[in-house]
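Chains as they are written, first to last, in this note's numbering: chain U, 1 to 809; chain P, 1 to 224.
Mixed in with the good hints, there may be bad ones.
With the Cβ distance kept under 10 angstroms, some of the chain U side facing chain P (calculated, not the full set) [stated by the list, open to error]: (1) R352; (2) T463; (3) E672; (4) Y720; (5) F723.
Each pair of labels, with its calculated beta carbon distance range [claimed, not checked]: (6) U:D101 <-> P:G50: 37 to 45 angstroms; (7) U:A443 <-> P:R69: 29 to 37 angstroms; (8) U:E411 <-> P:A86: 34 to 42 angstroms; (9) U:A443 <-> P:I4: 33 to 41 angstroms; (10) U:S752 <-> P:R193: 43 to 51 angstroms; (11) P:T97 <-> U:A420: 51 to 59 angstroms; (12) U:Q724 <-> P:T97: 27 to 35 angstroms; (13) U:Q724 <-> P:S114: 28 to 36 angstroms; (14) P:R193 <-> U:E668: 44 to 52 angstroms; (15) U:E296 <-> P:R193: 35 to 43 angstroms; (16) U:P462 <-> P:A86: 17 to 25 angstroms; (17) P:S67 <-> U:A443: 30 to 38 angstroms; (18) U:E426 <-> P:T97: 57 to 65 angstroms; (19) P:R193 <-> U:A408: 13 to 21 angstroms.
FYI, nobody ran anything at the bench for these hints, they're computed from the structure.
C-beta atoms are modelled at their ideal positions from N, C-alpha and C, and glycine is treated no differently.
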Amino acid sequence: MNACVEAWFAARGWRPFDYQRAAWAAWVEGCDGLIHAPTGTGKTLAALLGPVAGISEPKPAGLRVLWITPLRALARDTEENIREALAALAPGWRVASRTGDTTAAQRRAQREQMPAVLVTTPESLAVAISFPDARARLSSAAAVVVDEWHELMGSKRGVLTELGLARLRAWNPALRTWGLSATLGNLQEALDVLAGAPGARPRRLIQGELPKPIEIETVRPAEIDRFPWSGHMGLSLVREVAARVMASGTTLLFTNTRAQCELWHRALAEATGWGEDRLAIHHGSIDRNQREAVEERLRCANVRCVVCTSSLDLGVDFSPVEQVIQIGSPKGVARLLQRAGRSGHAPGRPSRVLCVPAHAFELVEFSAARAAAAARDAEPRPPLIKPLDVLVQHIVTVALGEPTPPAALREEIMRTHAYAALTDDEWQWALDFVRGTGPVLKAYPDYRRVIEGPAGLEGSTPTVARLHRMNIGAIPSDGMLEVRFLRGGRIGSVEERFAGPLKPGDTFHFAGRALEFVRVRDMTLWVRAAKRVAHIAPVWMGGRLPLSTHLATRVRARLDEAARGGYADAEMQAVRPVLEAQAAISAIPRADEWLIEHTESREGHHVYVFPFAGRLAHEGLAALLAMRIARAAPSTIRISANDYGFELVCSAPLDHAESAWRMRLALEGLDEDLAACVRGGALERTQFRDIARVAGLVFSGYPGRRKSTRQLQASGALFYEVFQRYDPNNLLLAQARREVARDQLQADRIRSVLREAESTRLRVMRTARFSPFAFPLWAERQRAQVSTETWAERLRRMSARLTSEVAAS
Amino acid sequence: MMAIEWAERTWSCLPERALWWPEQQTLICADLHIGKDEAFRKAGVPVPDGALADDLDRLSQALARVSARRLIVLGDFFHARSGRGARVVDALSAWRTRHRALAITLVRGNHDRSAGEPPRALAIDTVRVLAIDGIALRHDPPKAVSGYSICGHLHPVFRPPLPGEPARPCYWFRSHLLVLPAFSSLAGGYRIRPARRDRIVLVGPDGSLWTGGSGKLVAPHPFQ
Numbered sequence: 001m002n003a004c005v006e007a008w009f010a011a012r013g014w015r016p017f018d019y020q021r022a023a024w025a026a027w028v029e030g031c032d033g034l035i036h037a038p039t040g041t042g043k044t045l046a047a048l049l050g051p052v053a054g055i056s057e058p059k060p061a062g063l064r065v066l067w068i069t070p071l072r073a074l075a076r077d078t079e080e081n082i083r084e085a086l087a088a089l090a091p092g093w094r095v096a097s098r099t100g101d102t103t104a105a106q107r108r109a110q111r112e113q114m115p116a117v118l119v120t121t122p123e124s125l126a127v128a129i130s131f132p133d134a135r136a137r138l139s140s141a142a143a144v145v146v147d148e149w150h151e152l153m154g155s156k157r158g159v160l161t162e163l164g165l166a167r168l169r170a171w172n173p174a175l176r177t178w179g180l181s182a183t184l185g186n187l188q189e190a191l192d193v194l195a196g197a198p199g200a201r202p203r204r205l206i207q208g209e210l211p212k213p214i215e216i217e218t219v220r221p222a223e224i225d226r227f228p229w230s231g232h233m234g235l236s237l238v239r240e241v242a243a244r245v246m247a248s249g250t251t252l253l254f255t256n257t258r259a260q261c262e263l264w265h266r267a268l269a270e271a272t273g274w275g276e277d278r279l280a281i282h283h284g285s286i287d288r289n290q291r292e293a294v295e296e297r298l299r300c301a302n303v304r305c306v307v308c309t310s311s312l313d314l315g316v317d318f319s320p321v322e323q324v325i326q327i328g329s330p331k332g333v334a335r336l337l338q339r340a341g342r343s344g345h346a347p348g349r350p351s352r353v354l355c356v357p358a359h360a361f362e363l364v365e366f367s368a369a370r371a372a373a374a375a376r377d378a379e380p381r382p383p384l385i386k387p388l389d390v391l392v393q394h395i396v397t398v399a400l401g402e403p404t405p406p407a408a409l410r411e412e413i414m415r416t417h418a419y420a421a422l423t424d425d426e427w428q429w430a431l432d433f434v435r436g437t438g439p440v441l442k443a444y445p446d447y448r449r450v451i452e453g454p455a456g457l458e459g460s461t462p463t464v465a466r467l468h469r470m471n472i473g474a475i476p477s478d479g480m481l482e483v484r485f486l487r488g489g490r491i492g493s494v495e496e497r498f499a500g501p502l503k504p505g506d507t508f509h510f511a512g513r514a515l516e517f518v519r520v521r522d523m524t525l526w527v528r529a530a531k532r533v534a535h536i537a538p539v540w541m542g543g544r545l546p547l548s549t550h551l552a553t554r555v556r557a558r559l560d561e562a563a564r565g566g567y568a569d570a571e572m573q574a575v576r577p578v579l580e581a582q583a584a585i586s587a588i589p590r591a592d593e594w595l596i597e598h599t600e601s602r603e604g605h606h607v608y609v610f611p612f613a614g615r616l617a618h619e620g621l622a623a624l625l626a627m628r629i630a631r632a633a634p635s636t637i638r639i640s641a642n643d644y645g646f647e648l649v650c651s652a653p654l655d656h657a658e659s660a661w662r663m664r665l666a667l668e669g670l671d672e673d674l675a676a677c678v679r680g681g682a683l684e685r686t687q688f689r690d691i692a693r694v695a696g697l698v699f700s701g702y703p704g705r706r707k708s709t710r711q712l713q714a715s716g717a718l719f720y721e722v723f724q725r726y727d728p729n730n731l732l733l734a735q736a737r738r739e740v741a742r743d744q745l746q747a748d749r750i751r752s753v754l755r756e757a758e759s760t761r762l763r764v765m766r767t768a769r770f771s772p773f774a775f776p777l778w779a780e781r782q783r784a785q786v787s788t789e790t791w792a793e794r795l796r797r798m799s800a801r802l803t804s805e806v807a808a809s
Numbered sequence: 001m002m003a004i005e006w007a008e009r010t011w012s013c014l015p016e017r018a019l020w021w022p023e024q025q026t027l028i029c030a031d032l033h034i035g036k037d038e039a040f041r042k043a044g045v046p047v048p049d050g051a052l053a054d055d056l057d058r059l060s061q062a063l064a065r066v067s068a069r070r071l072i073v074l075g076d077f078f079h080a081r082s083g084r085g086a087r088v089v090d091a092l093s094a095w096r097t098r099h100r101a102l103a104i105t106l107v108r109g110n111h112d113r114s115a116g117e118p119p120r121a122l123a124i125d126t127v128r129v130l131a132i133d134g135i136a137l138r139h140d141p142p143k144a145v146s147g148y149s150i151c152g153h154l155h156p157v158f159r160p161p162l163p164g165e166p167a168r169p170c171y172w173f174r175s176h177l178l179v180l181p182a183f184s185s186l187a188g189g190y191r192i193r194p195a196r197r198d199r200i201v202l203v204g205p206d207g208s209l210w211t212g213g214s215g216k217l218v219a220p221h222p223f224q
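Please model the entire structure based on the sequences and the hints provided.
Below, the structure is given as structure tokens:
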């Protein structure tokens with residue numbers, strides 16, 4: 001094979017990388033594999049050319065390579081890349097893509113003649129499996145390649161992919177699985193999850209070219225606030241950032257949330273005076289056509305700066321990008337590496353990233369991230385285990401495709417990593433749940449999605465089949481409203497809760513435009529262009545990422561150095577006044593101790609605890625402690641949390657003895673106490689909405705198809721109420737509780753944090769006023785209580801008072 | 001029960017999500033959507049059974065609370081044709097037998113057109129529109145204001161301004177329009193935005209009633 005491939009490379013003046021040769025050799029040896037390589041280093045060819053050359057058919061009569069990509073937007077690009085390579089190397093091979101965007105005519109053409117290479121998404125693969133001709137069309141594939149596997153693994157879409165692969169392998173045991181992944185802390189595990197239960201085939205982890213060294217530079221404010229609060233500092237650095245943007249070639253400016261993205265886009269437009277021709281915006285809620293237009297401009301260097309979110313973390317190679325700017329802490333090492341890797345494609349040049357802190361402590365995080373990046377110490381991404389909603393969906397998908405004996409299906413499903421430990425009870429429940437059988441389903445007369453025919457499980461009715469296919473997938477998309485101009489034109493989508501308080505005439509910024517709200521109708525938020533200056537930015541859920549354990553450990557190490565008087569780099573020097581104020585009022589926590597501060601105020605008795613376990617785990621810990629404290633002695637407790645610690649404000653005084661804290665932080669009874677925090681609460685209800693959609697209870701349907709399913713429209717919240725009342729033991733409710741414990745409360749992380757606390761020194765301080773560590777927590781809680789103006793006002797006042805007190809002391 | 005002045009008359013909002021009109025000795029409710037769960041199950045969506053029995057019990061309880069002699073349903077009696085199976089009709093017949101003396105009138109709604117009218121054996125009068133004492137009783141809100149109207153159709157809900165609280169069904173009193181909460185416990189909700197002079201009566205999860213205007217905290221009125 002190699003002669004032809006080498007010649008093709010030579011004709012372009014290229015030479016294959018060693019890792020590409022290693023991947024091709026591994027294909028010849030008959031391996032499954034995972035290729036770990038940064039974007040823009042030819043990993044598509046590394047995975048593709050092995051099978052293409054190995055199969056060496058001039059004109060395949062069916063599918064040979066199935067290519068799974070996480071984003072529809074990437075499918076088109078990947079298809080082009082593959083087509084270009086195939087045109088020279090295997091001109092008889094056709095490539096096509098099939099996603100939610102594929103037109104009916106293209107689908108018909110594919111039905112008549114399958115391409116040799118098909119690019120698709122996990123959802124489109126599941127839809128394909130649900131048709132009776134799936135086996136005939138898909139089982140001829142010799143290889144399946146999963147692109148950006150790191151992005152899918154760890155999510156329900158990853159599990160959907162695992163199940164789809166298991167089906168393909170059941171049809172064709174010789175099928176080989178390859179994956180492509182960016183930097184991850186658990187690459188070997190990623191390979192094992194992808195390839196499923198171990199078989200006879202060897203597995204090979206192919207390490208790509210080592211990514212280039214990364215230089216991390218920070219913008220440091222001239223004067224630093226000793227009482228920093230989140231988001232306050234960022235925009236004050238906009239002039240500096242604008243100067244860097246104007247002095248460089250194409251810039252990618254990453255923000256962590258869509259709201260921050262809108263804010264920075266507007267601020268930069270003002271500071272640079274640039275219009276749409278030079279400054280663009282890109283995030284997941286902006287209409288797809290507009291996003292694609294921005295991506296195209298990036299590719300041909302027809303834009304100077306794109307303000308974006310993680311929406312541009314993935315895939316597509318934007319070679320013209322010269323500079324990457326990160327606004328706020330990246331919160332994880334892997335993310336920073338990925339984003340930095342977007343720049344500096346010229347050979348031999350390092351990747352550079354300019355970091356802009358949103359508050360003073362983020363300087364510590366940048367300093368810590370630099371140390372971690374130098375050590376290439378990226379976070380692992382744990383795979384998901386046994387989500388029953390995805391299982392239920394898959395059983396129906398398979399049954400619609402072809403009659404399948406339950407025992408064989410169970411065996412096939414248990415060969416995935418996700419369901420390797422599926423119990424008899426869980427399997428039986430899932431089967432009963434789709435067949436409407438068994439004692440549990442007595443409460444469901446006339447219901448069945450799947451029946452058991454002579455040859456196995458089959459779909460029950462054409463209506464069920466149609467609804468199921470419309471609903472396949474595992475991406476929660478509950479409650480989004482489309483944003484459209486009255487005179488026509490889609491702009492994007494916002495969460496329903498953003499629209500709630502809007503009144504006609506209200507103005508807001510979205511997709512970089514000033515818009516005026518007109519009305520909500522037909523799941524659409526109608527707007528017109530606004531003349532007045534807008535004052536609200538839309539709020540989206542789930543934008544705030546918690547600090548990773550990896551980065552947190554390194555942050556604690558930096559603080560430990562500071563506690564001993566060591567300020568290693570410019571960032572630590574810059575934040576020194578803040579840390580010295582912390583030491584004067586309270587203490588800087590050492591790496592082997594927890595800092596706990598008790599303070600009194602007119603509001604009540606405040607406690608601040610700093611485990612450095614990330615915001616989500618702190619929210620869970622705070623809820624847990626609040627419950628334990630209130631159970632011991634009646635008290636009203638308010639809580640707030642950030643990445644470093646959490647605050648409890650109690651109406652009754654709190655015992656500050658270490659022994660009392662040991663009791664509150666005890667591991668014993670953790671599971672029951674966490675379950676009590678979750679049961680029946682708002683968290684559980686919200687989580688259930690997503691599960692209801694995946695399990696096929698709620699129909700999101702397609703736009704334009706709304707009418708045909710209107711009588712089956714119901715919200716997840718309604719199902720939650722109905723299940724609570726009439727089938728409280730339903731396992732989907734139990735799953736919602738588990739997912740809340742795992743994802744929202746981070747039960748595992750709380751457990752390990754409390755275990756760590758058992759052997760950790762507790763440094764309990766009584767402080768006369770809020771310390772710099774405590775202040776952001778106090779501020780965060782104020783934000784939840786009062787309106788924006790008064791909040792900012794009160795904050796400024798409080799910050800000024802504290803600063804003058806420190807100066808006086 | 002909460003008494004409210006509206007349209008120069010006194011009305012009572014019942015915690016069962018039905019309106020009592022004392023002058024007319026008439027109970028009014030809207031949007032029963034009977035058989036909705038059954039329609040879902042037949043389409044392969046696993047909704048547990050039980051809501052119909054509870055809803056009929058609640059209707060009986062409301063009727064008993066005020067000793068009503070007449071019931072007016074403002075539309076959407078059945079949810080869908082596929083949801084009016086034998087089990088549903090049997091349950092309805094048994095319920096009707098317990099309320100033999102009650103006069104029932106249904107004002108047709110959009111669902112009634114496709115789902116079909118109640119079986120004749122239930123002895124329910126069906127009309128297109130109804131006006132009593134100058135007040136129009138209809139399924140959906142009128143396009144233009146002309147006198148006072150009471151309607152359903154919207155399934156109004158309101159979220160109390162407390163963190164984590166979900167939206168709850170409510171009565172929505174506007175200057176010339178009164179929108180009733182959906183009676184069905186399986187009806188979804190339409191999040192209303194009360195205007196400045198509107199009043200609402202919110203039905204809590206425990207059957208308690210709360211009232212207030214827009215923007216203000218909803219003050220508790222313990223259920224009597």
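* Does 28 to 36 angstroms hold as the CB distance between Q724 of chain U and S114 of chain P, or does it fail? -> 30 angstroms, holds
* Whether the CB-CB distance between S67 of chain P and A443 of chain U falls inside 30 to 38 angstroms -> Cβ of S67 of chain P to Cβ of A443 of chain U: about 34 angstroms, so the range 30 to 38 angstroms holds.
* Between D101 of chain U and G50 of chain P, does the C-beta distance stay in 37 to 45 angstroms? -> 42 angstroms, holds
* **Proposed interface contact between R352 of chain U and chain P, which counts if any beta carbon pair is under 10 angstroms** => 43 angstroms, violated
* Asked: Close enough to count: is the Cβ of Y720 of chain U nearer than 10 angstroms to one in chain P?
  -> With a minimum Cβ separation of about 9 angstroms from chain P (threshold 10 angstroms), the hint on Y720 of chain U holds.
* **CB-CB spacing for R69 of chain P and A443 of chain U relative to the 29 to 37 angstroms hint** => 35 angstroms, holds
* **Restraint outcome when E672 of chain U is required to lie within 10 angstroms of chain P by C-beta distance** => Since chain P brings no Cβ nearer than about 22 angstroms to E672 of chain U, farther than 10 angstroms, the hint is violated.
* Asked: If you check the beta carbons of E296 of chain U and R193 of chain P, does the distance land in 35 to 43 angstroms?
  -> Between E296 of chain U and R193 of chain P, where Cβ atoms are some 40 angstroms apart, the hint holds.
* A86 of chain P and P462 of chain U - C-beta distance against the hinted 17 to 25 angstroms -> 23 angstroms, holds
* So does S752 of chain U sit 43 to 51 angstroms from R193 of chain P, Cβ to Cβ? -> 46 angstroms, holds
* **Supplied contact hint for F723 of chain U, tested at 10 angstroms Cβ to chain P** => 7 angstroms, holds
* Do the beta carbons of T97 of chain P and A420 of chain U sit within 51 to 59 angstroms of each other? -> 56 angstroms, holds
The structure shown violates the earlier hints numbered 1, 3, 18, 19.
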